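Enquirer: Residue-level listing of the chains:
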Amino acid sequence: MKTITLREVAQLVGGELSGDEHGNIEIRGAAIIRDATEHDITLADDERLAEQLARCPAAAAIVTRKFQPNGLPWVAVADVHQAFTRLVRFFRPPRKQKFVGISPAAHISLSARIAADAQIHPGAVVGDDVEIGAGCVIHSNVTIMAGCKLAEQVELFPNVVLYEGTVIGPRSVIHGGAVLGAYGFGYRTVQGRHERGPQLGYVEIGADVEIGAGATIDRGTYGATVIGDGTKIDNQVMIGHNCRIGRHNLLCSQVGIAGSCSSGDYVVMAGQVGLADHLDVGDRAVLGAKAGVMHNVPVGETWVGIPATPQREQFQFWGIMRKMPDFRRHVRQLELRIEQLQQQINGRADAA
Amino acid sequence: MKTITLREVAQLVGGELSGDEHGNIEIRGAAIIRDATEHDITLADDERLAEQLARCPAAAAIVTRKFQPNGLPWVAVADVHQAFTRLVRFFRPPRKQKFVGISPAAHISLSARIAADAQIHPGAVVGDDVEIGAGCVIHSNVTIMAGCKLAEQVELFPNVVLYEGTVIGPRSVIHGGAVLGAYGFGYRTVQGRHERGPQLGYVEIGADVEIGAGATIDRGTYGATVIGDGTKIDNQVMIGHNCRIGRHNLLCSQVGIAGSCSSGDYVVMAGQVGLADHLDVGDRAVLGAKAGVMHNVPVGETWVGIPATPQREQFQFWGIMRKMPDFRRHVRQLELRIEQLQQQINGRADAA
Amino acid sequence: MKTITLREVAQLVGGELSGDEHGNIEIRGAAIIRDATEHDITLADDERLAEQLARCPAAAAIVTRKFQPNGLPWVAVADVHQAFTRLVRFFRPPRKQKFVGISPAAHISLSARIAADAQIHPGAVVGDDVEIGAGCVIHSNVTIMAGCKLAEQVELFPNVVLYEGTVIGPRSVIHGGAVLGAYGFGYRTVQGRHERGPQLGYVEIGADVEIGAGATIDRGTYGATVIGDGTKIDNQVMIGHNCRIGRHNLLCSQVGIAGSCSSGDYVVMAGQVGLADHLDVGDRAVLGAKAGVMHNVPVGETWVGIPATPQREQFQFWGIMRKMPDFRRHVRQLELRIEQLQQQINGRADAA
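Here the protein sequences line up with chains A, B and C, keeping their order.
Start counting the first sequence at 272; every next residue gets the next number (our numbering).
Start counting the second sequence at 272; every next residue gets the next number (our numbering).
Start counting the third sequence at 272; every next residue gets the next number (our numbering).
If you are wondering where the hints come from, they were derived from the structure by calculation, not from laboratory data.
Computed from a predicted model, the values in this text were never measured in an experiment.
Treat each hint with caution, since some may be false.
The list makes no distinction among identical chains, and a pair is therefore deemed to hold if it is satisfied within one copy or across any two copies.
Claimed, not checked - In silico DSSO-like pairs for lysine-lysine, Cα to Cα no more than 27 Å straight-line:
#, residue 1, residue 2
1, K594, K337
2, K420, K337
3, K337, K369
4, K369, K420
5, K594, K420
6, K369, K594
7, K594, K273
8, K367, K337
9, K594, K367
10, K273, K420
11, K337, K273
Whole structure, please, built from the sequences with the hints as guidance.
Expert: Okay, structure coming up:
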């Protein structure tokens with residue numbers, strides 16, 4: 272087991288040590304607050320974690336320079352995560368990435384054009400006329416069907432499937448089991464049978480895109496389904512045929528987008544959001560978790576709920592619902608007062 | 272770059288040209304309205320697209336014979352999609368499908384029976400006693416476990432997994448990463464441990480079924496989980512053990528159906544619908560997007576909402592919600608009127 | 272076709288025959304009530320199935336000792352499912368599991384340590400320094416990346432992907448296409464670009480865990496994402512980075528849990544539940560289908576709805592909604608009564 276003194280920690284991360292005069296405390300590991308035990312160093316990137324940190328048995332913490340935690344020594348740094356990354360790597364050194372080259376156990380078409388420094392792992396299948404750029408890593412059991420084009424430094428994790436003609440921009444990463452380019456869900460019903468529509472399109476992924484494990488993106492009907500540069504897509508997201516997703520979007524896990532939708536730039540969709548087909552979502556719009564979107568969303572708005580509406584409407588709705596029991600009591604009181612008025616009037620009538 | 276005149280376009284698709292007397296406009300590509308640029312031809316299958324078409328920079332459009340668009344020349348045809356398919360194929364000719372036969376890099380049990388004209392790609396694994404019919408295409412890295420039976424012309428895209436004993440009807444297509452026949456989610460809890468129930472069944476897919484990428488269909492407990500003829504299932508749909516899905520259903524993306532449900536024929540479930548277990552959905556029923564179904568759905572009804580109810584109830588509910596702020600204002604006015612009545616009565620009492 | 276008399280059925284399962292004096296009825300198959308035809312034996316594990324059983328054409332039924340069904344002979348046993356399993360196996364004998372050993376068509380690192388009796392199917396890929404315990408079964412086209420550790424009797428179904436450093440406890444089963452250890456969805460946005468956070472962690476699965484087809488569990492940021500002993504996870508469940516799921520949980524299909532959540536022991540989440548990030552769910556809590564959880568859930572509580580609340584609140588809410596049309600009618604009546612009072616008062620004023 273590796274150990275290191277707190278003074279050495281401070282040197283390693285270029286930080287200032289406080290709360291342990293000699294810096295002799297021994298540190299044997301690095302773990303987040305929830306997991307840290309008494310010989311670990313932990314981290315807190317926000318003063319709001321002060322209370323959690325005070326309850327944590329860790330020997331010390333890496334914190335921002337603004338934050339002076341209670342109850343344990345700390346090392347203050349400019350970038351908490353960078354510093355902690357260095358410590359985690361010290362205690363659990365990352366595996367050296369071996370250059371595997373092109374495995375003889377990969378199945379590669381003779382017509383594929385593959386950069387000299389690309390790596391292709393065993394069991395990967397590369398179809399006719401595929402182009403694979405410099406520095407690409409194709410993990411095992413990936414299938415790249417005919418005519419796909421990968422720019423430089425693309426990484427495809429195991430079991431990714433690219434259907435024919437998929438285009439991937441530079442530095443994009445696709446995680447295990449994702450499927451790009453399957454047929455769109457478009458049928459026309461002729462004499463009681465659903466006949467599959469044209470499936471002539473393909474999928475086109477921009478630069479610096481990340482696509483999560485098990486995500487699926489269907490090909491366009493006639494042309495491309497497009498994912499814009501810098502967009503990040505979480506696991507198990509589904510994007511239908513003909514969609515055109517903008518740049519720098521964040522699409523969280525299990526989002527489902529029906530066919531022919533578009534989104535602007537910097538759109539955020541939280542987990543399990545669903546979009547009906549043919550909708551447009553404006554730049555910087557935010558869709559709350561589980562939102563069921565049935566209409567176009569204007570630029571910059573935040574929509575939530577099922578069916579989704581601007582957030583303030585949904586909040587008003589929830590507010591009303593919470594007050595409904597009081598409201599009903601109030602109406603019953605009004606009824607009693609009407610009753611009393613009636614009796615007063617009747618009483619006076621009797622008296623008269 | 273291929274180019275073609277608009278007159279040649281009209282000949283190619285057998286349509287009538289209007290709005291370009293000589294037909295000399297050059298067309299260099301075919302794209303949908305959203306994507307078309309000035310040298311493209313586009314398409315519009317519905318007059319309601321007139322406005323979008325008028326704003327589109329395309330050089331011309333393929334339209335139905337009823338539709339005379341403004342602002343650009345057009346070619347009128349009987350079947351817009353058939354004609355446009357022809358044009359897309361002209362500009363981007365489809366890849367010739369090579370007959371690959373049975374790849375020496377596939378792993379095939381000696382006891383498997385495989386039709387002479389079936390194709391099996393590299394890395395596919397075919398277990399004991401598997402039967403594969405005429406014209407089947409098994410793409411790379413597919414796993415077909417022991418005892419599966421594929422009728423003729425079945426296509427399994429890369430990385431499909433068929434557990435033991437799966438049966439697939441003729442002409443059915445299963446997309447990348449779909450998993451058929453995994454264990455059902457059935458446990459009984461004995462002394463604090465969840466013990467797995469019997470897993471003796473299998474999955475049985477009818478004829479002309481399509482199953483989307485990443486979909487999962489669990490085996491029956493004792494017998495079959497059944498998908499009826501002609502049913503189309505989108506990506507990431509989950510169908511639990513013992514379900515019996517009818518014929519010609521359309522199950523959109525991310526639908527989840529718990530164990531032992533059944534559906535009739537021509538049922539439609541929109542995206543992200545969920546069904547509790549042991550429910551029956553009648554013929555031609557429609558379940559709206561994100562519906563959470565807790566009860567049997569009668570024949571022909573449309574249900575929406577969470578929990579799902581007949582559509583009119585849900586609409587009424589949404590209508591009420593929208594009017595709640597007005598309604599509360601109204602009740603406050605009634606209160607004021609009661610106040611006034613009280614004062615009038617009191618006033619008169621004072622006067623008396 | 273195998274046949275067996277009802278008397279022989281009773282002997283085979285150790286049960287008592289009733290309703291068929293001689294036990295000569297021939298049984299040719301075993302099927303659940305929905306599927307059984309006239310020569311099948313069926314089963315009913317609950318007296319509430321009496322009506323369904325009476326309508327079922329089956330020749331006989333296996334039932335519990337408390338239950339005397341109408342309209343068909345029966346065999347009473349202590350454990351209906353155990354008995355029926357025996358019958359299903361009689362009619363459709365399970366395939367003998369061949370010991371395949373380590374396939375020469377698997378791709379195995381020289382530095383991997385593999386127990387002598389482990390089985391590894393064709394196309395599986397085992398990375399550097401991987402440890403595979405006694406009795407493990409690694410199905411075809413599985414990828415186990417470097418540094419993973421599998422305890423004894425782990426079964427990985429086809430196309431499972433384990434990223435680097437994944438740890439799996441004894442007797443755990445992972446179904447087809449599941450992906451463990453992909454990068455967490457954590458970014459920080461720097462000058463308009465989403466930069467991926469640290470991905471130094473891994474996934475740690477306890478003993479006796481089952482993970483469904485297509486499920487995805489992301490690695491921790493710095494340490495482990497943990498699944499506790501005995502927990503069962505259904506198909507297409509998504510568990511985010513840094514989560515710590517307790518022991519003996521049941522997570523139904525399509526549940527999505529955002530990053531850094533924790534759950535206690537014996538938690539149940541029904542289908543399509545979603546949890547926001549950094550939430551804690553107490554021991555024995557139950558989350559209803561499609562619940563959208565935004566707050567910590569206390570020990571033992573049942574929460575439902577979007578946003579999720581304790582069940583009684585949600586029931587109250589639904590109750591109010593159902594009564595809203597009546598309520599509005601009631602308020603209109605109050606208005607009429609106020610009108611009448613006003614007229615009475617006015618009338619008297621006129622009279623006066």
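Enquirer: First find the shortest C-alpha distance between K273 and K420 inside one copy, then the shortest across copies, and answer within, between, both or neither for a cut-off of 27 Å.
Expert: Close across copies (21 Å), not inside one copy (45 Å); limit 27 Å.
Enquirer: Have a look at K594 and K337 and pick one of within, between, both or neither, based on CA distance no larger than 27 Å.
Expert: Cα proximity of K594 and K337: none, with 42 Å in one copy and 50 Å across.
Enquirer: Checking an output row: K337 and K369, CA cutoff 27 Å. Within, between, both or neither?
Expert: Result: close neither inside a copy nor across copies, 41 Å intra and 64 Å inter.
Enquirer: Indicate which option fits the pair K337, K273 if close means a Cα-Cα distance not exceeding 27 Å: within, between, both or neither.
Expert: neither (30 Å within a copy, 64 Å between copies)
Enquirer: Which holds for K369 with K594 at a C-alpha limit of 27 Å: within a copy, between copies, both or neither?
Expert: Neither. Shortest intra-copy (63 Å) and inter-copy (65 Å) distances fail the 27 Å Cα cut-off.
Enquirer: At most 27 Å between CA atoms: does that hold for K594 and K420 within a copy, between copies, both, or neither?
Expert: Neither. Shortest intra-copy (58 Å) and inter-copy (54 Å) distances fail the 27 Å Cα cut-off.
Enquirer: Up to 27 Å between alpha-carbons, please classify K367 paired with K337: within, between, both or neither.
Expert: neither (36 Å within a copy, 64 Å between copies)
Enquirer: Is it within a copy, between copies, both, or neither that the alpha carbon of K369 lies no farther than 27 Å from that of K420?
Expert: For K369 and K420, both the intra-copy (25 Å) and inter-copy (20 Å) Cα distances are at most 27 Å.
Enquirer: For K594 and K273, with the copy left unspecified, which applies at a CA distance of at most 27 Å: within, between, both, or neither?
Expert: Neither: 59 Å inside a chain and 67 Å across chains, both beyond 27 Å.
Enquirer: Evaluate K594 and K367 at a C-alpha cut-off of 27 Å and name the case that applies: within, between, both or neither.
Expert: Neither, since 60 Å and 64 Å both go past 27 Å.
Enquirer: Please work out whether the CA atoms of K420 and K337 approach to 27 Å or closer within one copy, between two copies, in both situations, or in neither?
Expert: Neither way: K420 and K337 sit 48 Å apart in one copy and 41 Å across, limit 27 Å.
Of the hints listed earlier, those the structure fails to meet are numbers 1, 2, 3, 5, 6, 7, 8, 9, 11, in rising order.
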